[in-house]
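Could you build the full structure based on these sequences and the hints that come with them?
Residue numbers (the numbering used here), protein chains in the order written: chain A, 3 to 112; chain B, 804 to 918.
Hints were generated in silico from the structure; no laboratory data involved. You may find that some hints are simply not true.
Unchecked claim - In silico BS3-like links for lysine-lysine, alpha-carbon gap of 25 Å or less:
(1) A/44 to B/874
(2) A/73 to B/844
(3) B/839 to A/39
(4) A/24 to B/844
(5) B/825 to A/39
(6) B/822 to A/44
(7) A/24 to B/839
(8) B/839 to A/104
(9) A/39 to B/843
(10) A/70 to B/847
(11) A/39 to B/844
(12) A/24 to B/847
(13) A/24 to B/843
(14) A/104 to B/847
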Amino acid sequence: GENVEQHPSTLSVQEGDSAVIKCTYSDSASNYFPWYKQELGKGPQLIIDIRSNVGEKKDQRIAVTLNKTAKHFSLHITETQPEDSAVYFCAASGNTPLVFGKGTRLSVIA
Amino acid sequence: DTAVSQTPKYLVTQMGNDKSIKCEQNLGHDTMYWYKQDSKKFLKIMFSYNNKELIINETVPNRFSPKSPDKAHLNLHINSLELGDSAVYFCASSPGHQVFNYGYTFGSGTRLTVV
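Take a look at the structure:
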């Protein structure tokens, strides 16, 4: 089955700096790669997703890149703000329900 | 107007008891899920239902029994609760018929504590 690895597990950045979170997946049948943000006491919220026929997608300060050959995908957050502090999860899906990475706790220091 | 709602939000119970968690979605989605999030925040799929029909059961003990009376509802009943069942349980839904590669909407979770 699918296995998703996510790094780093924790990340601290200064406000205004960029943050990058990286994931790898194992199943070449996976074709959908969403990213979720989870704030304390809340459910995961979809922030951006990418499909396997696209290499990069951007939405304001967040962007996701996908390298199908290497089975890597990454989340980039620019101009980080304190409200970006949360746990971020990558996930992958193809023929099975979403398999999640173990999460990255992002702290943005004002 | 909550898209995926779960009740209760918190559940504290003794070992050996039986409890249920309810989930409802008003998004018109065909597929619903239960995920378990452990103390280390790891999210793991438990079940997936499509239009009231069970399609995925990820080797969950048979003490856990999901029930879907209609495509907008997916409830989770747990018998003979054990300490290791303590976790946050999330319900989610997604569009598409028997496909999993669309954005999932999650509920706010039910924190189950077994004492």
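Outcome of the hint check:
Taken as a hint, the residue 44 of chain A and residue 874 of chain B pair is honoured in the structure, with Cα atoms around 24 Å apart against an allowance of 25 Å. For the proposed pair residue 73 of chain A and residue 844 of chain B, the alpha carbon gap of about 24 Å is at most 25 Å, so the pair holds. The hinted pair formed by residue 839 of chain B and residue 39 of chain A meets the criterion: a straight-line CA distance of about 16 Å does not exceed 25 Å. With a C-alpha separation of about 17 Å, the suggested pairing of residue 24 of chain A with residue 844 of chain B holds against the 25 Å cut-off.
Taken as a hint, the residue 825 of chain B and residue 39 of chain A pair is honoured in the structure, with Cα atoms around 24 Å apart against an allowance of 25 Å. Under the criterion of a C-alpha separation no larger than 25 Å, the hint pairing residue 822 of chain B with residue 44 of chain A is consistent with the structure, at around 22 Å. Our distance criterion of 25 Å between C-alpha atoms is met by residue 24 of chain A and residue 839 of chain B, whose separation comes to about 23 Å. For the hint pairing residue 839 of chain B with residue 104 of chain A, the CA-to-CA distance comes to about 13 Å; that is within 25 Å, so the pair holds.
In summary, the hint linking residue 39 of chain A to residue 843 of chain B is supported, as the alpha carbons are separated by about 16 Å, within the 25 Å threshold. With a CA separation close to 24 Å, the supplied pair residue 70 of chain A and residue 847 of chain B stays within the 25 Å bound. Straight-line distance between C-alpha atoms of residue 39 of chain A and residue 844 of chain B comes to about 12 Å, which keeps the hinted pair within the 25 Å bound. Proposed proximity of residue 24 of chain A and residue 847 of chain B is supported: the alpha carbons are some 19 Å apart, at most 25 Å.
Our distance criterion of 25 Å between C-alpha atoms is met by residue 24 of chain A and residue 843 of chain B, whose separation comes to about 19 Å. Under the criterion of a C-alpha separation no larger than 25 Å, the hint pairing residue 104 of chain A with residue 847 of chain B is consistent with the structure, at around 10 Å.
When the structure is compared with the earlier hints, no violation turns up for any of them.
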